[in-house]
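**Q** Order-wise, the sequence lines are chains R and X.
The first sequence: position 258 = 1219 (this note's numbering), numbered continuously.
The second sequence: position 382 = 397 (this note's numbering), numbered continuously.
Hints were generated in silico from the structure; no laboratory data involved.
Note that CB positions come from ideal geometry on N, CA and C, so glycine has one too.
One should not assume that every hint holds.
So the derived label-pair ranges between C-beta atoms look like this [as the list claims (entries may be wrong)]:
| no. | chain 1 | residue 1 | chain 2 | residue 2 | range |
| --- | --- | --- | --- | --- | --- |
| 1 | R | G999 | X | Q282 | 36 to 44 Å |
| 2 | X | R209 | R | R977 | 35 to 43 Å |
| 3 | X | I496 | R | K1183 | 42 to 50 Å |
| 4 | X | E191 | R | K982 | 19 to 27 Å |
| 5 | X | K158 | R | K1037 | 50 to 58 Å |
| 6 | R | G1242 | X | G391 | 51 to 59 Å |
Just so you have them, the derived chain X footprint on chain R, three or more residues with Cβ under 8 Å [said to hold, decoys possible]:
| no. | region |
| --- | --- |
| 7 | 1021 to 1033 |
| 8 | 1143 to 1151 |
| 9 | 1179 to 1192 |
| 10 | 1235 to 1246 |
| 11 | 1262 to 1272 |
Which chain R residues stay away from chain X? Per the calculated CB distances, all over 12 Å, these [claimed, not checked]:
| no. | residue |
| --- | --- |
| 12 | I1052 |
| 13 | E1108 |
| 14 | P1174 |
| 15 | R1196 |
| 16 | D1259 |
What follows is each chain in one-letter form.
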Amino acid sequence: MTETFYEVLRRQGITRRSFLKFCSLTAASLGLGPAFVGKFAHAMETKPRIPVLWLHGLECTCCTESFIRSANPLAKDVILSMISLDYDDTIMAAAGHHAEAILDEIIKEYKGKYILACEGNPPLNQDGMSCILGGKPYLEQLKKVAEHSMAIISWGSCASWGCVQAAKPNPTHAVPIHKVIHDKPIIKVPGCPPIPEVMTAVVAYIVTFGKLPELDRQGRPKMFYSQRIHDKCYRRPHFDAGQFVESWDDEGARKGYCLYKMGCKGPTTYNACSTIRWNEGTSFPIQAGHGCIGCSEDAFWDKGSWYARLTDIKQFGIESNADKVGATVAGVVGAATVAHMAVSAVKRAQQKGEQE
Amino acid sequence: MSIKTTPNGYTLDDTGRRVVIDPVTRIEGHMRCEVNVDENNIIRNAVSTGTMWRGLEVILKGRDPRDAWAFVERICGVCTGCHALASVRAVEDALGIQIPPNAHLIREMMAKTLQVHDHVVHFYHLHALDWVNPINALKADPKATSILQQTVSPHHPLSSSGYFRDIQNRIKKFVESGQLGPFKNGYWDNSAYRLSPEADLMGVTHYLEALDLQKEFVKVHTVFGGKNPHPNYLVGGVPCAINMDGDLAAGAPLNMERLMFVKARIQEMIDFNKNVYVPDVIAIASFYKNQLWGGGIGAKSIMDYGGCPKVYGDKSTDQLPGGVILNDNWDEILPVDPRDPEQVQEFVTHSWYKYPDESAGLHPWDGITEANYELGPDTRGTRTNIEEIDEDAKYSWIKAPRWRGHAVEVGPLSRYVLAYAQDVGYVKEQVHRSLGMFNQLAGTNVDAKTALQSTIGRTLARALESEYASDMMMDDWHQLIANIKAGDSNTANMEKWDPSTWPKEAKGVGTVCAPRGALGHWIRIKDGKIDNYQAVVPTTWNGSPRDPKGNIGAFEASLMNTPVERADEPVEILRTLHSFDPCLACSTHVMSEDGEELATVKVR
């Protein structure tokens, strides 16, 4: 017997009033206006909990760990009331063949109606046997579950891009999900790991609207990956003012100056760290004093030291988006960042002039 | 089919029925376990296989040593930060960098936050379902649960019968929906679950409470390292500069608000450990009082490098002192030195790697790793469809580390035995207090040694260590404030930041009391780049396959002679394996200086 999300909430003793409040808060946290609240509530009232099969390939489990850190909604509420997390080997009670039987059952009962969530990626070297599940290559399990899924979520940089095990020389020949699954919609939610609330918001969006979020050309939800960290960084005024940290723990570091000269990758990294921030908005890497290492970008491991200053990446205005960078990043133009700084300096001089 | 005795004293009999568990769930990473049970369903042979391998260290070769922390941090996202810490320590050791006292205190607070977080999440979300039956909780009388809660933990504020009734109703509706999610296909009608419905309700309630609270604990990492999982580290100190009352302090990484925020999180950890975690473990253990098995080599042959020093670099200030105990002799603590090539060595006779001479072990500074995936002649199945593995041949992606040739157990239990045997007052008080409560609840009279050398003892030691870590963390916080008050706000030493100041060649080692046990990273630096990088991690020690002499490792030893209620529902096996908190991504990343050859690069 299956129930709708709303029925489940009601059966769990949650009042309609609280339910509507939940809908409006969730809509607000997704950046949606009050007009969407009714639509959201209607969706919740009519849908059963969607089965989610969460598979793990080569990974470090940081995505699962991030997911359970979500505050809005709480991981507890996602698992008990929003989705039906029928398989996730990190937290599930069953083991061995009892666990594997769940995959077969859900595939059969919910053909085309379940979501496959992928954490990690499949290795192709060693006959695929550097990641074994049930005595077989992980790739087999992945393909089996993918075949009848409705859509795939590629959690984190492993599933989206390859991440650390795929850094040169990639000894296991680990590949991202889209390199082996070609016939399903794939939502990439990159980051090492992704922000907790970004993960749960992607799930909440799908459950709420019954459709996948709008994606950019690289397959990432536009709502979270359309701006660079630099664009909304609270230290951006220091960049524009030419105030930089020059050495760790110097006067600038203590004043929260811009970390660009310390190698910060914020100017080339598309993510929501400087807006949503981390762990319920507590902070984010730049606020804690270290530059961004660009962990949501493809092949960020092989783009030079964390501490090497960006000099060869073409800069764009704040209105630019990931698609434009995707289209032009291949032809990198040297010293453009310096030009960006120069423009900022000119603007600064102009403003000064106006004030005087 | 044979019966043989290992040099470390176990009789392995593989003539009985073979039971295979793959995947072993509720662990980090991927693992397989096979056992043989006799006609009485008692385990007579155990085989643990690490079933994943990522090859991180070869990826490090030729990179900037100052970048290494981020790569190795991704060895594991569960024990996030401990590899990064071992890495910066190894680099600083190699280059002779002294970090400021404040940087040490901040790193310690981060490490201890991880200790508490990891232990709590392990117990409630990876281990609890081995002891607690959430379905049985539906039969509980919430009023009786409330009384139980107030008996075992009088100071926990969430203890009313209404509170437990609400949780019970929520679980009831969840179960009745027919979509059981993570509880699906559990062994809920197995009589191996021994708790009363009231205790089950308390356990499942705290499962949810811990899930909500753990996300608060990690905010200490978010303040100091910018995010969690995977906070940022820095060679030479910490990146979070301190600005208490200067210009722009509000936008500084650390100011008064940030430090008070951290203090509040530390207090939450202390309260949860004392009011919930430790009492829960003791209360649950009292229902399993007749199951003091699963000790294996734990508490008999154990090792830790020692850690939580008050003054970094001064081992005499270690609050968890290290050492080695062999063969149950708690009166003799042998010194451990990670630099000594004769002490820590790794073997690959039964691992999917190749050595020129596989009868010998190699010290991590000289380690080699070349993948060699091959199965023995007695394997049932095929190369890509293993039905039963042949443990006489190579059978795991985990290497077999040994201390002077001895298989040893590492982890909170090992650290607690070492601390107890070395008269650490805080630890002795904890052990005696919790044992007293256990004996009172269970109506038994068990001594410390008997209680600790078991699956339950391993789980208890982890809870006690979590409590200790939270108290030590508050001391660290006060010391940081005292330093700042005395005029020291330094957080980084940049004298040797520039690679031009480095020697042409250098080597170093960094050790950490990681949540799962003794962690060591070894690095060789040449011409400013990483020349070789090796990590020997806790689950490599505990989950190791057999060595050339046939000694079995801690996982396998701990399962020996355990009775199982139903062989096809191996909850007892999961219970004991989980008591180690296995971390397979950690244990099976190992690579070497020659590892490049592993990449299948086709040159035309």
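**Q** Work down the list of hints and note, for each, if the structure agrees.
**A** Going down the list of hints, with the structure as the test:
no.: 1; hint: R:G999 to X:Q282: 36 to 44 Å; result: holds, 43 Å
no.: 2; hint: X:R209 to R:R977: 35 to 43 Å; result: holds, 41 Å
no.: 3; hint: X:I496 to R:K1183: 42 to 50 Å; result: holds, 45 Å
no.: 4; hint: X:E191 to R:K982: 19 to 27 Å; result: holds, 25 Å
no.: 5; hint: X:K158 to R:K1037: 50 to 58 Å; result: violated, 24 Å
no.: 6; hint: R:G1242 to X:G391: 51 to 59 Å; result: holds, 54 Å
no.: 7; hint: 1021 to 1033; result: holds (count 11)
no.: 8; hint: 1143 to 1151; result: violated (count 0)
no.: 9; hint: 1179 to 1192; result: violated (count 0)
no.: 10; hint: 1235 to 1246; result: holds (count 7)
no.: 11; hint: 1262 to 1272; result: holds (count 4)
no.: 12; hint: I1052; result: violated, 5 Å
no.: 13; hint: E1108; result: holds, 19 Å
no.: 14; hint: P1174; result: holds, 23 Å
no.: 15; hint: R1196; result: violated, 7 Å
no.: 16; hint: D1259; result: holds, 16 Å
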